[in-house]
Amino acid sequence: MGNNTVPIKLEGLDKDKSWNLFSNITFGGQTNTVNPEIIKVGKEIVNMCNGVPLIINTLGRTLMQFKSDLSKWLSIRKNENLLSLPHGNDNVLRVLKLSYDNLPTHLKQCFTYCALFPKDYEIEKKLLVQLWIAQGYIQSTNGNEQLEDIGDQYFKELLSRSLLEEVEKDDFNNTLSCKMHDLIHDLAQSIVGSEILVLRSDVNNIPEEARHVSLFERVNPMIKALKGKPIRTFFGEGCFKDSTIVNSFFPSFMCLRALSLHFMNLEKVPKCLGKLSHLRYLDLSYNDFKVLPNAITRLKNLQTLKLIWCDSLKRIPDNIGELINLRHLENDECNDLTHMPHGIGKLTLLQSLSLFVVGNDIGWLRNHKIGSLSELKGLNQLRGGLCISNLQNVRDVELVSRGEILKGKQYLQSLRLKWERSGQDGGDEGDKSVMEGLQPHPHLKDIFIEGYGGTEFPSWMMNDGLGSLLPHLIEIEVSGCSRCKILPPFSQLPSLKSLKLDDMKEVVELNEGSSATPFFPSLESLELSNMLKLKELWRMDLLAEQRPSFSHLSQLEIRNCHNLASLELHSSPHLSQLEISNCHNLASLELHSSPHLSQLKISNCHDLASLELHSSPSLSRLTIDDCPNLTSIDLLADHLNDMISLPKELHSTCFWLGNVTDPLCVYGSINDMISLPNELLQHVSGLVTLAILECPNLQSLELPSSPCLSQLKIGKCPNLASFNVASLPRLEKLVLRGVRAEVLRQLMFVSASSLKSLRIQEIDCMISLSEEPLQYVSTLETLSIVKCSGLATLLHWMGSLSSLTELIIYDCSELTSLPEEIYSLKKLQTFYFCDYPHLEERYKKETGEDRAKIAHIPHVRFKNLTFYNVAISAPEDSLNTDGIHIGRSSGIHISDSTIEPGDDCVSIGDGSEQINIQRVTYGLGHGICVGSLGKYPNEEPVVGISVKNCIFTNTQNGSPSRIKLSNVSFRNIRGTTSTQVAVKLVCSQGVPCQDVKLGDINLKYSGNEGPAMSQCKNIKPNLLGNQLPRTCA
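Number 69 in the numbering used here belongs to position 69 of the sequence shown; there are no gaps in the numbering.
Mixed in with the good hints, there may be bad ones.
To be verified - Calculated lysine-lysine pairs in the DSS-like style (CA-CA distance at most 27 Å, straight line):
id, residue 1, residue 2
1, Lys346, Lys377
2, Lys756, Lys826
3, Lys43, Lys17
4, Lys119, Lys169
5, Lys500, Lys1017
6, Lys268, Lys314
7, Lys346, Lys369
8, Lys179, Lys119
9, Lys826, Lys733
10, Lys1020, Lys432
11, Lys445, Lys485
12, Lys497, Lys445
13, Lys346, Lys290
14, Lys505, Lys535
15, Lys500, Lys445
16, Lys119, Lys108
17, Lys407, Lys268
As the list claims (entries may be wrong) - Label pairs and their in silico Cβ distance ranges:
id, residue 1, residue 2, range
18, Gln146, His552, 21 to 29 Å
19, Ser966, Lys505, 19 to 27 Å
20, Ser588, Lys756, 28 to 36 Å
By construction, these hints were calculated from the structure, which means they are not laboratory data. Since the structure is predicted, the reported quantities are computational estimates derived from the model, not experimental observations. Where is the CB? At the ideal position from N, CA and C, for every residue including glycine.
Sequences are here, hints too, so could you generate the full structure?
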C-alpha cells in the first residue's frame, strides 16, 4: 500500500525580490547614479525571467560588464529566447546562452572546455588553468605577463559571471576549486557538442569530432575505439589497472596535448609516452612506479609534470634539465625521492616545485649526478609552496650560507624546511650555517621548520627587526628543534596569526622582544606542546609594563609542558577557546577579562589547586578531567557571586554553563554528590540543552522553570529516582541511558506535547513499553530502544504514534515479537533491528511469515552478516574484482576463508563499522583496503576494524589515500618481505596519522641488499614489544 502524496509546486521569486537580486548583482544595490533608461530596461528584462534565480543571476552578472551600454541592454531585452521563456530546461538553456554569447572570445573556449568534467565534479583551479595553457587557450599579449596570471584572471571572470561556482579557498583566501551548476554544464555541453566526450558506460560510439575525452570509470569497452583518433586531451582517473592499455594505443595519440593517468596503480611508466611530442600536460599522480624513465625528457614542449603522492618514486631523470619549457613540477608527498638531479636549476620557467630533496652521494647514488641546494638559487619564478627536505645532507655549507638561496623568490607563499633525524642525532652547528643561507623573501606568508639541530636560530631570525624582514608572515610552525634554547622574537611579527611550537625541549619562555612594540599584536591561535622546560609564557615584568599583549588571541592550547607552574592571562578580549592538558606542575590558572571565552578544558593537571575565572560571562563549556587536587572554582564570580566547592574525590567533571541558548552539561565521577548545586541551575532559565552524565550517586534533580529546554540527556545515573520539573513544553529530544524506569514515566508526563525523538538505553528493569504516558506522545518521530535486556514486548499503544518515521531496536535480548499495530504506522520510513535471529527470520523479505506486517516500510535494515569458509578467486589481471566489498555496513564477520581476487581482497568503504576478519588467507590483489581514496566529499568514518590471524601472500600495496587515520594498532606481525622496506608508515603532512601503535613486529627481508628497513613520514607511532626492523628509528 503506497502513501498518498500531494505535490508541492515550487514558485519563482516575485517581481520585487527578483529586481532586488538583479540590482544587487549588477549595480551592487546602488542604482542612484545609473541611467534611468537602463533601470527601466533592466526591470523589463527581470520581469521576463519568470522569477528563475539562476537566469536572473547569470544575466545580472553578464550585464554587470556593460553597466552604461544601453545598446547591449536593449539587445538582450529583444532577444527571442528571452521573449519566449515559459518553462523547462531547454528554454532556460536558450536564455543562459545569452551569457555565453556575450563572453569575450578568449573566455568562450575556456568555458566550454569545463564540460570535460562530469556534473558535480570538483575542479581544481590550478588544474583547470594548466589545461587551458596546454591547449593554447591562453596567450600573453606581452612578454611580461605570466600565462598562469592571465589564466587566473580568466577564471575570476567566469566566476564573476556565475558560469563557475567557487567551492573551496585556502588559508590565504585563494580559490582552490570550483564546480559548474548542472544547467550551466548542460549549456557548455550543448555548445561544444561531440568535441568533448565524457566516456560513460552508456556511451556506445566515439564521434569523429571527439577531441577531448575523459574517463572516470574502470576500463570502458569503447576505450579501444579511440585508437588513432586525433585526441588532444585524455583525462583518466582510476580507469586502468596497469600500463598494458597505455602501451597498446596511447602512442597513436600523436596530437595529444594533455594526458592524465592518475590513480591508475601504474608500476611502470610506459616509455612510449616519450613519443608524444606535442604533450604539454602530463599527470602521473597517485601511482606506484619507482623510476621515471629518461624518455620523459624527450617531451620538449612539456609544461606541467605532476607526480603527486607517487610515494614509491626514488628518482627523477638525470637530464630533467632538458625540459626547458617545464613550468610546473608537482611532486608533493613523493616521500621515497632520494635527491634532485643536477641541472634542475636550468628550469628557470619553473613556477611549481613542491619538494626539493637534498641528496647524499653514497651507495648507488654515486652513479647519478646529484643536484645541490644551490640549484634553487636561480628558480625565482617559484610560487605557492616549497618544501626542502633532508637538509642534514647539505655538503656545500659555506657556499649555501652566503648564497641567498631563497631571497629572490618573491612569489613564494609557503616554505617548509626539514631535517631528518635518526636515533640520538640532535643535529649540529652546521645546521645554523645552512639556515643562514635560507632567508626567505619578505612576501612569505607561511613557514614550517622541523628537525633543526642548531642551538641558536640564524641571525636573520634573531634580528630585532624581524617584523620588518617578514612583515607578511601569517603562520609559523616549529617542531623537533630540541637543542634551541631561545626563540626568535616572533612577538614582533605584525601579521602573525598562528604560531605552533612542538617538541622544543630546551625553551624556557617565549621571547618578549622589544618593549616598545605590542606583544603578538595579530596572533589568533597559539599552540604549545612537548616543551618540557617551559616555565612561563612570558616574564612577569612584561605584565607590569601594561604593554598590549595577545589583543586578538582567540585559541590557546598548551599540552605536555610539564614544567609550567602558573598561567595568568590579564586581558584577552577575543579569547574563545583555552585547552590545557598534561601540565603536571601547573598549580594555578587565573583568567582576567576574557569576555568571549566560551570553552575551557583542563585535563591531567595534577597540581592544579585553584581556578579563577574573572569576567568570563560567555563561558558555555568548562571541562575538568583528572585534576585530583582541584578543590574549588571561582566560577563567573562577577555575575554569579558564588563559589562552587567541589568534592575531594573529583576526578572528572564537565560543566556547560551560560546564557539563554548555551548548553549545560554536568559530567563526572562526583562520588559525594546526591543532588546538583542550585547555583548551577538558577541562572539558566533560557537553557536549551542539558546533559547529566555519569553521576552514580545522584538521587534527585530539580529543575526551575525550563520553557526553552529542547534537548535533555541523562546517562549512567543509576540511583536517580526523582526528577522534579513542572513542565517541558519545548522538549524535542530526550535520551535516557542507565536510569530507572521511574524517570522515564515522570518525563513522559511533562513532555508529551512536543517530544520528537526518544532514545531509551540500558533500562533493564523495564519488562514492556506499556507505560501509559508513551501512548500520548503523538508528536514522536524517532524511537530508539537499545540494550534493554528485560524488554519482552512492545504493546498495542504503538499504533498511536502516528508521526513515527524511524524505529530502531537493538540488542533487547528478550524481545520475541512485534505488535500487530506496527502495520498502522503509515509514516514509518525506516525500521532497523539487529541481533535478533528469530525476528529476522520472521520478518525476512519473501520468506518471513510476518513480513506482511512491515511490508509498507520502505527501508527495513538488518545488522550482522557472517562469511564463513568462503573461497573467492579471480584472474590476476581482472579489473575491479574486489573479493568482498563492504559499504556503510556494520557487524560484518569474515573468517576461515581464502580470497584471491584481481583487485582488493577485502575493501572496506566509508560508513562501515565493527568489521571482524579472522583466519583468512589472501593471495594476489591489494590485501585489505580500509576507507577509500579520500577524494570524494562527505565520506563517513570507518570505525572498529579488527584483523587477526590472517596470512598475506604476494599481495601488493594499495593506492595512497587522503583519509585521516587514527587509533590504529599493528600487533604480532611476522613473515618475509620481497622489498627491503618492510614497514612503511607514510602519512600526509596535511592529514597526519594519530595514535598508531606497533608491537611485536618480526619481518625479514628475503633479498641480499642488507637488512629489512622501515620508513616513516609525518607519524610518531607508539612502539611496544619487539621491533624487527626497528620502526621509525
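*Numbered hints the structure breaks, given as an ascending list*: The structure breaks hints 17, 18 and 20; every other hint is satisfied.
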